[in-house]
Amino acid sequence: MIKIGDEESSIEYFPSTEELPAVISNILEENEEVVVSIKSDISDLKYGEDTLVLTNKRVLIVRDNNIIRNIPLKEIESVEVNRYVGSLVLKAKTESGIKSLISYTRTRAKYFEKIIMLINDLTLNQIPYYIVRKHLKEQVEEINKKNSKRKILARMISFAKPFWHLMVATLALMMFSTIIGLLPPYLMKILIDQVLVPQKNFHLLMYIVLGLLSINLTLTILGVINGYLSLKLNQSLTYRIRKILFEKLQRLSLAFYDKYSTGSLISRIVDDVNRVQTFLTQSLGLIIIDITTIAFIGVILFSLSSWLSLIALIPIPVSYIGTTIYRKFSRRYYHRLWRKWSYVITVLTENITSNIVVKTFGKEKDMFKKFTRSLTEFIGMNFSVFKFEQKFWPAIGFSFTISSLLIWWIGGLKVLSGELSLGSLTAFTSYMWRFYQPINRLVNNLRVLQRATISGERIFEIIDADLEVKDEDDAQDFEFKGHIEYKKVWFTYDGIYYALRNVNLKVKPGEHIGIVGPSGSGKSTLVKLLLRLYEPQRGDILIDGVKINKIKLEAIKRQVAIVMQNPRLFSASIAENISLGKENVTLEEIITAAKAAKAHDFIMKLPEAYDTHVGLNGSRLSGGERQRIAIAAAILKNPKILILDEPTSALDAITEEEVTEAIDNLTRGRTTFIIAHRLSTLRNVDKIIVMDRGGIVEEGTHEELMKKDGLYKKLYESQFKGFLKQQKKVEEIVAK
Amino acid sequence: MQSRFVRETMTSIEEWIKQLRILDPKRVRVYEAFVDTVNMEINGKIYCNVKPRRPFPYTHPEYIIFFAEDDTELGILTDYRKLDRMSRKRLERVLKIIYYIPQIKRIIKLDTTKSRYEWEIETDKGVVVIKTWSRCTRWLPNGKLLIYDVDGNVYIVEDISKLDPKSRAYLDIVA
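Chains F and S, in that order, give the protein sequences.
Heads up: the first sequence runs through residues 79 to 814, numbered per our numbering.
Heads up: the second sequence runs through residues -13 to 161, numbered per our numbering.
With the rest of the complex left out, here is chain S (with noise of 0.2 Å):
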């Protein structure tokens, strides 16, 4: 008896693939921004309360896929850094409150004498106190580093060069 799974062809990735809705970023508007949700427009037609999120919120920010109000996909932008400037600027300005991950600028303090670390750091969000357990740090593959506080906020580094040699000191500590 011939097996009905011979007959059914191996389905690769590459077919699967093609499934995919990748979105042409000169096809897609976003008109307005609410707090988290925007309108937009994706091949020629509306939709409101689309809900963006990143896929790869630290190592591919600039990945985004599009849900809409019941959570159906609508679509994956693979750089929406390719808008136009209009509806880039309208997207950040959601997507930085989506994702609000202050970006370490300075560290000034750390107190690293309590079971609980307590820092006082210069982010692009303004100067915060914060208290993190000693295990708090994560690397990324591409380089940054991600802070985590007690109440799960996350901070991030950029680039540990760019940090001053006194907040890199503090950082050798406990990263």
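In isolation and in its complexed conformation, chain F is listed as follows (with noise of 0.2 Å):
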């Protein structure tokens, strides 16, 4: 059975000859060494495995202990692939035409990605193999160091290394409470043996009294130290990780973001910190003490009565394997009571959300039909899930009950033949149930160390995660002229398409670039590694001759801005977002800044004016007052190169135009790159220049451009059709 997302083995680098199909040890050359050894989910159409290997001189793909296929990396120019619905098809572009070499399921893809990258290090990049297998071995003991379950264990105990006298203080406070509340039950036993059925020794009655009531203090004050110290600890192990994982995010490229769900990181920050801090601060401690407990316990019972004892443990076994299979199954109906749940929440907030369909189209009683439905079924849900717990507690319950049951009759029998005490008989049942509850306790608390390990997982991922982007050891600060330079850049964002293609681009300092071309050009991405938001994998990007892994990235965010379509703004007020620009701003320059980004007068119209507070994202302005906010901000910046991402397409006509004049205060003077799809936006620049899949395939003024007859005259002549058929029939008209 092929196991869907098996990602232990899925990949294998640097594998052992054992680790390998049989047939590859034997065809190994001299000096081959195999790199990586990859399996499939499809194997010829089916759910099945065939396995890729990629050795340091070939790509080979193994079905059934057999070679089928074999090609040389010296042939392959590339690989690439091809997505389906349901699979990829991965290939290999050769001197002799394109070879498929192996499918996968789309749950596979994340790890073929890695493969593919490789294989076009070697090829495509050519990037000699002594390099890639000296990166790729660090890369692999890096993953095998932190991987482990025991390093987690002892990196997530780490993280509360300065705080281990909160801890020492808690878990010494828990232990000495635990050994205090043990006592009562023997106090107990003194009081029925020694007091109540002799019927004497009265002074003794008060000091068991009074020692039980002592205890009883000790453990409340005890209580609520333990509960300050348990907090303090909880707050400083959580504000630590929060804020080691926060500043960790902020130092993450875009690569990044792009690989993980912004709900993914959220819940890392918000729910696997919490579970770590519960589990250090809670389960672990919990698990030293109910291991001492049960061994204490079970001391004293056994002192008691080693017989009584011995029944005592009869429901621990029932207890532990009922709880595994309950654990087994109980998933599976609370996963599909959640699911109920969520339909239920689905159809209500359809209904709210989309109510003006609803109502538009008279659908209120189907509406209502799905609720009751939705709500009938999750209510039939519960009772499911009550009928399958009582195949289980029951049960559980009635072995305890046995268990106590045989514990007073044969101990019961005991006192009656005097071989026990009365009051021995009842402190070893106190006993007994003060053993059972650490035992439940510490299965639960296992569970707890399993999913807090989880997530510790899930959160040295983002600890770990490699800084794409950061500043090279020779890197420098300068000012900036404004003169760019893009030679043979080639980038992709997953390591199959190439969203740039050798790329070179030259700009003197103040002219003012349009970038031009089809959505998926590339167009954005040119301007995205201009910011080193990523890194470009091949070529290199200059900025007055220096290259922009060698300029600090303090530089390049102080002296390059960029004005996006949509601006997001702080949840803060006006003069907050504008100051955003530079630091230390003054009143006068705030107002200066919204002046040229024609943003004053509508400020000084809202009641509040400068601090206004703008909302979530900006929610409380309209799109063009956004826009030239976060134009103030670039003037406040004083930026050396400016990037104008499509500033003006989200814009009608009047707000375009007192925008567009914003813009021109903006961009006087600085290197400018706009992006447009509105090509009338362009009527300025010095040059645009035209992309199509990742290249620059046109480059000139307006007028050049026209007369090359090439994608842009068709991108023109596409967006003013109507117009230069109204235009063609007034030249014919007065023509006439």
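Honestly, the hints are just simulated from the structure, not real lab data.
Every value quoted in this text rests on a predicted model; they were computed, and no experiment measured them.
Positions of the beta carbon are idealized from the N, C-alpha and C atoms, including for glycine.
Accuracy of the hints is not assured; some may be wrong.
[To be verified] Heads up, simulated SDA-like pairs for lysine to any residue below, C-alpha to C-alpha not over 25 Å straight-line:
| # | chain 1 | residue 1 | chain 2 | residue 2 |
| --- | --- | --- | --- | --- |
| 1 | S | K37 | S | S120 |
| 2 | F | K630 | S | T58 |
| 3 | S | K68 | F | K630 |
| 4 | F | K715 | S | K152 |
| 5 | S | K12 | F | F449 |
| 6 | S | K31 | F | T664 |
| 7 | S | K4 | F | T738 |
| 8 | S | K4 | F | E666 |
| 9 | S | K31 | F | E666 |
| 10 | F | K660 | S | E1 |
| 11 | S | K37 | F | E666 |
| 12 | S | K130 | F | V663 |
| 13 | F | K683 | S | V115 |
| 14 | F | K660 | S | I87 |
| 15 | F | K635 | S | D137 |
| 16 | S | K130 | F | K630 |
| 17 | S | K130 | F | G693 |
| 18 | F | K566 | F | T664 |
| 19 | F | K715 | S | K31 |
| 20 | S | K37 | F | T664 |
| 21 | S | K130 | F | S697 |
| 22 | S | K4 | F | K177 |
| 23 | F | K586 | S | P127 |
| 24 | F | K683 | S | K152 |
| 25 | F | K683 | S | W2 |
| 26 | F | K492 | F | Q272 |
| 27 | F | K683 | S | T58 |
| 28 | F | K683 | S | S147 |
| 29 | F | K177 | F | R771 |
| 30 | S | K4 | F | G747 |
| 31 | S | K12 | F | T664 |
| 32 | F | K559 | S | W2 |
| 33 | S | K68 | F | T664 |
| 34 | S | K37 | F | M682 |
| 35 | F | K683 | S | L96 |
| 36 | S | K4 | F | Q272 |
| 37 | F | K683 | S | K100 |
[Claimed, not checked] Beyond 10 Å from chain S on every Cβ pair, some chain F residues (computed):
| # | residue |
| --- | --- |
| 38 | E107 |
| 39 | K135 |
| 40 | R161 |
Since each chain comes alone in its own frame, lean on the hints to assemble the complex.
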């Protein structure tokens, strides 16, 4: 059976011969090393396993221990993937044509992406094998080091290192409370055997009652102190882990954010941190306490009566087995229950958010039926869960009752025969229940440990993520003049499709460059690389003759500004949003920037003017207003290089004119890239570059490009089709 | 070909600032105050029905921009408190109505049991009962606290530490 998405069986770096299909070890040549082997989950049009083996000399595909493809690396130009419905096919581009290598489902796609990059590094990018090997070996060692479960646990515990004194103190208090808590049954034994049964020793009665009172008071006080210390530990630990994570997230490049969804990242910072924190501050201590308590009470029980102790152990295996089976099946039931509830919420949300559709199509009755049906299903599922639970808990509870009755029966007989005192029997039963409690808790906490380890893994995934974009040791900070050069730049987001292919471009200081092209042609990617949001895989980008990876990130952030199509504002006042462009800004500078951005007039019409809170993402302002505030912030930043990504495409004609005026103020004298779909926006630029499928296909002024009869002319004519027809008609009429 | 943009010099914020019309308080006089306008003299020239506006009403209330009747900007006064006593008094009278922001001195009662909170507050303008949504506060960078009621009226707590302990305890619930 093939396990879809089974990561462990998917990929093996530098595998030993035992881990490889037998046929491979027989054909390996001298100096040939297996770099990686990866299993697919489709074989011969069905679920099955084919194996791709990459050596330093060739790519091999193995099916049922037979080699079905054997292509030397020197024959491969590059590898690429064709994506289909439910499957992907990896293909090699060779001198003799394109050859299919292996098929797999989308589930395995992420593992194959790594292999594709690897093969392309060796073939397309011509990186020598010894460099790839060194880099890969380091990566594998790092991953192995980080991923061992024991290591993860140790790393999780290391989070609490600065608060070790708090951890020790809470543990000591818990231990002390547990020991004190064990005293009352023993005092009860003395009370029964030495006071109540013989009906004497009244002074002892007083001491015992006072003793019980003191124990209770001590436990209460210890509880309060422990509660305070635990809270302090909880909060300090959560603060520390979240701070580390947030700090790391701030430094990670956009490539990292492309891989993870917002929900997944938030869930790591909120839920996973909570799980690790709960484990470290509560469960870890309880596991230690419970193991100690079980040993301690076990000794007491056996010292009171070894026979009764053996009977007391009867329900433990029943409970353990029952609980294990219950957990295995309960997940399915609770998952179904959760899905039913989720469906109720979906129907409800749909009805509220799409109320206009429901009303206009007269679908109220249908929606009502849908809602009541979802509710009925949810209620039905609740009963199923109840029925399922009744198969376990009463039986487990009954085993405890039987054991308890047996203890009373045998213990009672022993008391009657004088072998055991009444006090000892009472103390025994009391300790017995205290014995079961930590056992149950221990089973639960081991589950918490398991879940916390998974959460730990997810947290370390962020902490250990490579900073793809970081300052080199010899990076420099200087004032830009604005000369930009792209030299043979190649860039891919996923290692499969190249969003930029061999881009060469030279821009003079102060020049205005328009970038046009169909969607997905690489326009935005081109400028994102200039901001160092990503690193190109090949080629260089230079500012004033210096490679951008040798320029401090801080210098780039300070001197390159971007104004986007839908600028996002912070949930703060207008003044605070404009001030983002400069530190220690004066009120005059804020007003001036707003005036230059043509924002001052509308701001002053708002009752709270510059102190107006813009709402979440600037939701209280219109698109044009947000745009102008973003331009004001850019003006205040006084950048040497400016990027305008479709700045006016979402605006109406009147607002566009105002924003265009603001843009003119902003771009004056600065090296500027303007990405535009609307070609009319580019009427004043010095040069237009036309992009298609990741490459620059045309370059020149509007007039030059129109003469070329290429993609630009096609784009221009498609946008102005109506207008040109109209113009032709007018010309004809005039001619007549 | 030399780019036309290269020849144009980059306009820095410092150069633009020079175009702002910052007024000298010694050359500004307010003669008359009506409900929301003033008659005044700026640099020796008389203007009627001038509209004073605060660009930063909460964070820098001393900062004023004067607008003529036709909304032309007449100038900026960076601190109106530097005006002569009578001018300042007249201007403040107008500002008090344009920026009617009661200052909270004490919170007498706060009922949080309903979806809308009900407050009984003592302000510099008298005691009033207001209704707010549960999210109704906004902290300003200078430590002042704004409270918005359901109708959009604004109330300000200038210094939270100067409130009595009971009022502070009420604010702790919502702010």
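Here's how the hints hold up against the structure:
no.	hint	verdict
1	S:K37 / S:S120	35 Å, violated
2	F:K630 / S:T58	45 Å, violated
3	S:K68 / F:K630	46 Å, violated
4	F:K715 / S:K152	45 Å, violated
5	S:K12 / F:F449	72 Å, violated
6	S:K31 / F:T664	29 Å, violated
7	S:K4 / F:T738	23 Å, holds
8	S:K4 / F:E666	10 Å, holds
9	S:K31 / F:E666	24 Å, holds
10	F:K660 / S:E1	16 Å, holds
11	S:K37 / F:E666	20 Å, holds
12	S:K130 / F:V663	20 Å, holds
13	F:K683 / S:V115	29 Å, violated
14	F:K660 / S:I87	31 Å, violated
15	F:K635 / S:D137	42 Å, violated
16	S:K130 / F:K630	38 Å, violated
17	S:K130 / F:G693	19 Å, holds
18	F:K566 / F:T664	44 Å, violated
19	F:K715 / S:K31	37 Å, violated
20	S:K37 / F:T664	24 Å, holds
21	S:K130 / F:S697	24 Å, holds
22	S:K4 / F:K177	68 Å, violated
23	F:K586 / S:P127	42 Å, violated
24	F:K683 / S:K152	38 Å, violated
25	F:K683 / S:W2	22 Å, holds
26	F:K492 / F:Q272	18 Å, holds
27	F:K683 / S:T58	13 Å, holds
28	F:K683 / S:S147	33 Å, violated
29	F:K177 / F:R771	23 Å, holds
30	S:K4 / F:G747	19 Å, holds
31	S:K12 / F:T664	22 Å, holds
32	F:K559 / S:W2	21 Å, holds
33	S:K68 / F:T664	19 Å, holds
34	S:K37 / F:M682	12 Å, holds
35	F:K683 / S:L96	34 Å, violated
36	S:K4 / F:Q272	99 Å, violated
37	F:K683 / S:K100	35 Å, violated
38	E107	59 Å, holds
39	K135	52 Å, holds
40	R161	43 Å, holds
In this structure, the hints that do not hold are numbers 1, 2, 3, 4, 5, 6, 13, 14, 15, 16, 18, 19, 22, 23, 24, 28, 35, 36 and 37, in rising order.
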